[in-house]
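Colleague: In case you want the letters, here they are:
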Amino acid sequence: MNPWLRFLLFLVAAPLAGGLLAGWDRRITARMQSRRGPPILQPFYDVLKLWQKQNLAVCAAQNYYVLFYLLLVIFTGGLFFAGSDLLLVVFALTTASIFFVLGAYKASSPYSFVGAERELIQMMAYEPMVLLTAIGMYMATKTFYIDGIAGHGGLLVGVLPGIFLGFVFILEIKFRKSPFDLSASHHAHQELVRGITTEFSGRTLAMIEMAHWYESVFLLGWVWLFFASQPVLGVVMALGVYGFVVLVDNVFARLKWQMALGGAWLATAVLGFGNIIILSFQR
Amino acid sequence: MTLVLALVLVPFLAGLVLLCLRSELARRWVVVTVTAAVCAWCIALACQSSPLNLGELPVSRHVLDPIMMALEALLGIYILWVGLRARHFLIVGLMVAQGAVMVWLESMGGAGLEGGRVLFVDKFSVIMALINGLVGGAICLYAVGYMREYHTEAHPEVPDRRPFFFALLFVFMGAMFGLVFADDLPWLFFFWEITTLCSFLLIGYTQTAEARKNALRALVMNLAGGLTFALAMAWLYRETHCLGLQALIRTGHAAALLPAALLCFAGITKSAQCPFSSWLLGAMVAPTPVSALLHSSTMVKAGVYLVLRLAPVITGTKVGLMVASVGGVTFLIGSLAAITASEAKRVLAWSTVANLGLVVLCGGVGTSQAVWAGVLLIVFHAVAKCLLFLCVGVVEHKLHSRNIEDMSGLVLYMPHVAVMMLIGMAGMSLAPFGVLISKWAVLRAVVDACPLLSVFIVFGSAATLFFWVKWMGKLVEVERPQERAVNEISLDESVALYSLSAVTFLACLLFPLLSAQFVEPYVAGIYGQSGSLGQGNLFIMALLMGVVMLFPLSFLSHGRGVTLVEPYLGGANIPGSPRFSGSGGAVERVVLHNYYLGGVLNQTRLSRTGEVWGAVLLAVMIAFAIL
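For the protein sequence lines, the chains are A and B, in the order given. For the first sequence, our numbering assigns the number 946 to the initial residue and increments by one for each residue that follows. For the second sequence, our numbering assigns the number 12 to the initial residue and increments by one for each residue that follows.
Think of the hints as simulated: they come from the structure by calculation, not from any bench. Using N, Cα and C, we set each Cβ at its ideal position, and we do this for glycine too. Worth double-checking, as some hints may not be accurate.
[Unchecked claim] Here are a few chain A residues that face chain B, going by a calculated C-beta distance under 7 Å:
(1) Trp996
(2) Gln997
(3) Asn1000
(4) Ala1002
(5) Val1003
(6) Leu1016
(7) Asp1030
(8) Tyr1050
(9) Lys1051
(10) Pro1055
(11) Met1069
(12) Thr1088
(13) Asp1092
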């Protein structure tokens, strides 16, 4: 399929898939807590309602940062599904996240400030593993192009088991799920209030939600890449990983940032880099 | 030929003139004229077709060499005197050893040293000359306004020795031109030692106890590099009877490896890599233009220049691997240490150390891809870092502090400077711009050549992200309403700052052109092939850059359709002020403070670790080279 077409497809289909995933997440979370839970389509209703709300802000400029966060997340995911260079995708994603963090700084409230700070720590925690994942895939397939990696033939997870586990580990952080929901709590009664999103409301909050949908689809797409030679298995595993993330979210309490950073870097060094060492000796 | 000679000699002459000028107005005119001329000549040099045909020197080497030797001897005697006066016997020892090696070399040489070219200009030297001319020129211009404020308002207690200061700036610049154009190693060494001396004098400019101590530290470390440089020449002469840099690069591995390793050692000291990074951090006591000069256009760039030049010799050897590891360790340690620093200049210093580590890593890896990335990194780092230093200098004079925590709301107080700082930081850390493009290229090169080294890069770049973004956040965040500062920047300063911002911006925008015109021909000339990122990626990057650059446009609709409210403070806000009344009616002030991860990272411990690792790796490198 033409890369541009795939980009367009991502643009349209990703929010639908991402919203459904979010609805599914809330549903199984509720079931795990012996609640009934909202309908699967609830995230869409939420976003539609947010979209109609009054546009409140502490600083007039803060909303532009979020707009660009959304644009860049779409750009990142689009690049990924269009089959572009994996490292470029990683860098684009980082830039997107930086815009989000700067928006929270701009809002200049103590809670969003702490949220922004902690989001940065989280970025620092997952960034090495994300890069190592790209490097590992390159070493296994000799290309950084996602098309090439997908068309490689072999089951990547077979040669990259450590990297796969490390990647799943940092997905917990990337999805801002417990035990790594340091920067944005889902429940505003906690010490963080809503952390990084405290001062965003209405349409802007809706954009953050949508960016999250796009990002989820993109990240699960990356999980799929580990199983690209068996496409169906890949989809099952991607959904399985998502379910696992939700399960962990419900089982663990929040960790301190020291543990989050240390744990993620340790996992990266042992699982990720260990895998790279083995790969480089096999060459 | 005339152009090259003019670039080397005119700054020296300007330095002499400035030493004699007492009048501020005259000094300003000399600085402006010479800077303009040097910039114009650099651009003219860049426009010439390559390879440059230099022709013969107008004066025979029989005349020139003794003059150079005499000057160098004077320089050595002066350093000896400094060492004796400060009772710093390491300096004396290093200088005596270096002198002995040089005397031996001279006594052996004489007629044998003839025949080599003194000067050599290729695309790499042209790039370095451009950096030195444009960035260094901007610094000199900025220094005019800055030093006036420095002596009249900010630091009246420091003795005003401005003629000396400006003379040194220009001598420094001239020496750097000489260094990048020299092909003959003794000449290169001569200019190398001038930069060592200039940096010593400039760091000690304020003559406070701390400044003197740090200046001596810089001197001793750079003298250690000077000694290995001299040893490299002596060994090379004994083995090959030829002291040309180009000749060294072209010789086969075996004979050139030890001299190359020793020269890399010298480059590592000069570019403040791990066991030696403390001199560059100590250099922060000097006035800001000095820091900018040391960090961006001269001095440290001389070190990485030499390492990158030698890359073809050490590539694929164990020596190269060790050099690359020193760079990698430095990158990681520097990036982590920058997180813990709250003083702006210190953050910049650590970041310089880190980025140079990345360049040294490229030099050690030494493949065509790596060298390509390294040269680009030098360019982007020079412009962005210089801009940042100069901005911090301006802010320091206005806020009387260079602590990042005091810069909150700078975007309201000094909007122009804040935006320029943001441009510089974006150039240093945001995705489709300068330094990050190079980092990407470095990562690709490293994965191809030696994937294990990538561990330094992945962890280090995560850390760089953290300290840049939190600083950017501090600039854009607005704790309370603030008035704009009156007279944000003086004229000379603003010319320098605006032109540097423009250069940073253009370098990022025109990077494919820069690469195709200068870097690729140089790399292809040596390796027969060059690095690049591929057309498709360039297109995507242009697209990404387009998206990011639309961001300032969004401010056209600033505040439209938005209702402004007070932030949530967990209490009752007191309108219009960053305070709230909490439970029990107590009025609390809002304080926003960045994380410095002090509990986890410790600057002294980090630099100690870096010193140990750096020293071990360097020792292993020399051992590999000898065996």
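Colleague: Does tyrosine 1050 of chain A pass the interface check with chain B, least Cβ-Cβ distance below 7 Å?
Modeller: holds, 3 Å
Colleague: Was the hint right that proline 1055 of chain A lines chain B, CB cutoff 7 Å?
Modeller: holds, 6 Å
Colleague: Per the CB criterion, is methionine 1069 of chain A less than 7 Å away from chain B?
Modeller: holds, 5 Å
Colleague: Closer than 7 Å between Cβ atoms is the bar; does tryptophan 996 of chain A clear it against chain B? Give me holds or violated.
Modeller: violated, 13 Å
Colleague: When the nearest CB of chain B is found for alanine 1002 of chain A, is that gap smaller than 7 Å?
Modeller: Given a least distance of 5 Å, the restraint on alanine 1002 of chain A holds.
Colleague: Restraint: glutamine 997 of chain A near chain B, CB-CB cut 7 Å. Satisfied or not?
Modeller: violated, 13 Å
Colleague: Should the hint that leucine 1016 of chain A touches chain B count as held when the rule is a Cβ pair under 7 Å?
Modeller: holds, 6 Å
Colleague: Given a cut of 7 Å on the nearest C-beta pair, is the interface hint for aspartate 1092 of chain A held or broken against chain B?
Modeller: Violated. Min distance 11 Å.
Colleague: Regarding the hint that threonine 1088 of chain A lies at the interface with chain B, is the smallest CB-CB distance below 7 Å?
Modeller: Violated, about 11 Å.
Colleague: Would you settle whether the hint for lysine 1051 of chain A is holds or violated, based on the nearest Cβ-Cβ distance to chain B being less than 7 Å?
Modeller: Holds. Min distance 5 Å.
Colleague: Next item in the hint list is asparagine 1000 of chain A. Is there a CB on chain B closer than 7 Å to its CB?
Modeller: holds, 5 Å
Colleague: Would you settle whether the hint for valine 1003 of chain A is holds or violated, based on the nearest Cβ-Cβ distance to chain B being less than 7 Å?
Modeller: For valine 1003 of chain A, the interface hint holds, since the closest Cβ of chain B sits about 5 Å away, which is under 7 Å.
In summary, the numbered hints that this structure violates are 1, 2, 12, 13.
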